[in-house]
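Required output: the full structure, derived from the provided sequences and hints.
Each chain, letter by letter, is given below.
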Amino acid sequence: MRTVVCVKQVPGTHDAKIDPDTKRIIREGIKVVINPFDTYALEAAVQIRERIGGEVICLTMGPPRAVTVLREGITVGADRGILLSDRAFGGSDTWATSYALAKAIRKIGDVDLVICGKQAIDGDTAQVGPGIAAHLSWPQATYVMDIDEIANGSLIAKRLHEDGWDLCSLRLPAVITVVKDINQPRVPTLKGRLAAEQQEIPVWKAEDIGAAPERIGLDASPTRVVQTNPPAARKNEGLRLDGTVEQNVARLVQELRRRSLV
Amino acid sequence: MIANTSEARAAYRNVWVVAEVLGGEIQKVTYELLGAARHLADTRESELWCVVAGHGVDSQIDTLFHGGADVAMVIDDPSFVNFVDEDQAAVLARLVRTHKPEIVLCGATTRGRALIPRVAVVANCGLTADCTGLTIDPETGDLLQTRPAFGGNIMATIRCSDHRPQMATVRPRVMNALEPDTTRTGRVIAEKLLPGEISGLKTVLELFQDVENPVNLSDARFIIAGGRGLKGPDGFKMLKALAERVNGAVGASRAAVDSGWVPYYHQVGQTGQTVQATVYFACGISGQIQHLVGMQSCDFIVAIDKNPDTPLMQLADVSIVGDLFEVIPQLIRELPKT
Ligand SMILES: Cc1cc2nc3c(=O)[nH]c(=O)nc-3n(C[C@H](O)[C@H](O)[C@H](O)COP(=O)(O)OP(=O)(O)OC[C@H]3O[C@@H](n4cnc5c(N)ncnc54)[C@H](O)[C@@H]3O)c2cc1C
Ligand SMILES: Nc1ncnc2c1ncn2[C@@H]1O[C@H](COP(=O)(O)O)[C@@H](O)[C@H]1O
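Residue numbers (the working numbering), protein chains in the order written: chain A, 1 to 262; chain B, 1 to 338.
No lab work stands behind these hints, which were simulated from the structure alone. Certain hints may be false.
[As the list claims (entries may be wrong)] Here are the simulated DSBU-like pairs of lysine-lysine, each with C-alpha atoms no more than 35 Å apart in a straight line: (1) B:K28 <-> A:K158; (2) B:K306 <-> A:K31; (3) A:K158 <-> B:K240; (4) A:K158 <-> B:K237; (5) B:K192 <-> A:K158; (6) B:K237 <-> B:K306; (7) B:K306 <-> B:K231.
[What the hints assert, rightly or not] Some chain B residues flagged as far from chain A (calculated, every beta-carbon gap over 12 Å): (8) A11; (9) D70; (10) R97; (11) R187.
Even for Gly, the Cβ is constructed at its ideal location relative to N, Cα and C.
Right, dumping it as structure tokens:
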């Protein structure tokens, strides 16, 4: 079983800033972390290898320093990492990102399963996983909260929905995206750290994966961020109630009534 | 991807809403999208189409016209009883290619967010996720799509000038459905699946709908959320009673979920769901940034905590300083039933 885990480097929650000219997220000079959902994707892949054998490869597209998320992946059990990095990829939206990742997955070859996080916390789009599946024409399961069984070329996944869940059987190769409920990521070991530091991590450029120039980067991305604003400020000073329980509740109910909320 | 020329773009007309069908029922979000899309279609002087891929929905088609649709394009197939996104995406992508809509909208639900990215890739067009605002640029006719990013810390406006169709998913509960007009009628176009569009690559084996304990955080007007301050599963029984009183859903902080007091699908925040309720009650939740990013776009926020200095108390519209085990029972008694 060969599993590719797509991991993304994202700005830490507190540090979101936007370039006023390009309207893109500024990725220079701010603290970056591995996308939290991708740690569950990594753990899921490592657990599959522990169960049925095979190989776990982590893959990221980003600037050269994104290599650190690959090392983090190796620290918690991935066998190797591949960095897709080329100026030509810069400014890719989800269409172009999923195209490039799909091309890299084809180049890796013999991949049975791709695991992504549910969404990245910077863009919050949740489009790259299904996008990769579409570019590869593979089946997909999103919001996966459990992997039941992998046998006879199929995987059984439990998908989370707003109103419950369903269980579906996917023909491999396939793409899944996972939510936090799926597992408890392990803590890195010293041995893992050493392994990660020692590994050579190959860097692939656009031409290495045979990406068509008109399908990658800013020019190939149909969506354009034309404006960014802080969200509408939360108006008022909040109302602070610190009387007796009866007073507080009566006042709250009055406020809700006044706004026709109840 | 190669941009469409302006002549090619001009061939794209009409606004489409992709219906969400669940257990044979057209979901509420569909009517909300029709409400928003009606304005867009009027501005563009074009038609509003609703695309329904499902089974046994005939009797509900009129409600789409009442909700604003001019045309209902129906692909009725028994294989659509379950949600098989690959197959639905294949049909939709083909219909997009043949009918060339200018705008395609779909609900930003777990199902919509799985389905539409596949359609966008195959149809070669851009897709904006989780929009909360949609307007037409009067000069170019482009769709201006506003959406929160970074968990609501930034609002971004996105445009897709050179490609058609323009696709977006729209958050549930953000747009308003029209008042149903039972005198409105429309055209029905019946479409069929083509051979090969059922790939057989995925089969749904089992479906579990939590009717007993409906969560549906994305759809609820009221969310009553609890955190570590609830001390245990019994605390959540109390929250559920409050939620029932106002017909709301129960949410939770990660601390409460990790303690096993409520299932994960109640979790709000960075690693849970992003919600946009009208009223959000945070009970015994301190409001760490990872929780705030999931709920700060709610319209009216109430915090109940015995500690007056938590981040949630700073953000809330109304904060009650007190012991939630006294405040909540009192609220249950005092709040009018909805
Ligand atoms: C990568 C990452 C992702 C995360 N994702 C999420 C996420 O998606 N969602 C999320 O919620 N968190 C998330 N967290 C965790 C987050 O940082 C906080 O740890 C968590 O939200 C705290 O939950 P809490 O507010 O319930 O608990 P606490 O911070 O312990 O707050 C409990 C509150 O209850 C009050 N209280 C106690 N007893 C009473 C009483 N009797 N009456 C009134 N008030 C009382 C206390 O004063 C306190 O303010 C994430 C963290 C990380 C690192
Ligand atoms: N640049 C990238 N490199 C590797 N994986 C990515 C990248 N962007 C997105 N992903 C994967 O796609 C998931 C969803 O991202 P998004 O669609 O941006 O919300 C993430 O959790 C990652 O698994």
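Hint check results:
1. Restraint check: the Cα-Cα separation between K28 (chain B) and K158 (chain A) comes to about 25 Å, which is no more than 35 Å; the hinted pair holds.
2. Restraint check: the Cα-Cα separation between K306 (chain B) and K31 (chain A) comes to about 34 Å, which is no more than 35 Å; the hinted pair holds.
3. Distance check on the hinted pair: K158 (chain A) and K240 (chain B) sit about 26 Å apart at the alpha-carbon level, within 35 Å; holds.
4. Taken as a hint, the K158 (chain A) and K237 (chain B) pair is honoured in the structure, with Cα atoms around 27 Å apart against an allowance of 35 Å.
5. Pair hint K192 (chain B) plus K158 (chain A) holds up; C-alpha atoms about 29 Å apart against a cutoff of 35 Å.
6. Our distance criterion of 35 Å between C-alpha atoms is met by K237 (chain B) and K306 (chain B), whose separation comes to about 20 Å.
7. The suggested pairing of K306 (chain B) with K231 (chain B) holds, with an alpha-carbon distance near 13 Å, which does not exceed 35 Å.
8. No Cβ of chain A comes within 12 Å of the Cβ of A11 (chain B); the nearest lies about 17 Å off, and the non-interface call holds.
9. Non-interface status of D70 (chain B) relative to chain A is upheld: no Cβ of that chain comes within 12 Å, the nearest being about 27 Å off.
10. A cut-off of 12 Å between C-beta atoms confirms that R97 (chain B) is not in contact with chain A; the least separation is 14 Å.
11. Residue placement check: R187 (chain B) keeps its beta carbon more than 12 Å from all beta carbons of chain A (closest about 30 Å).
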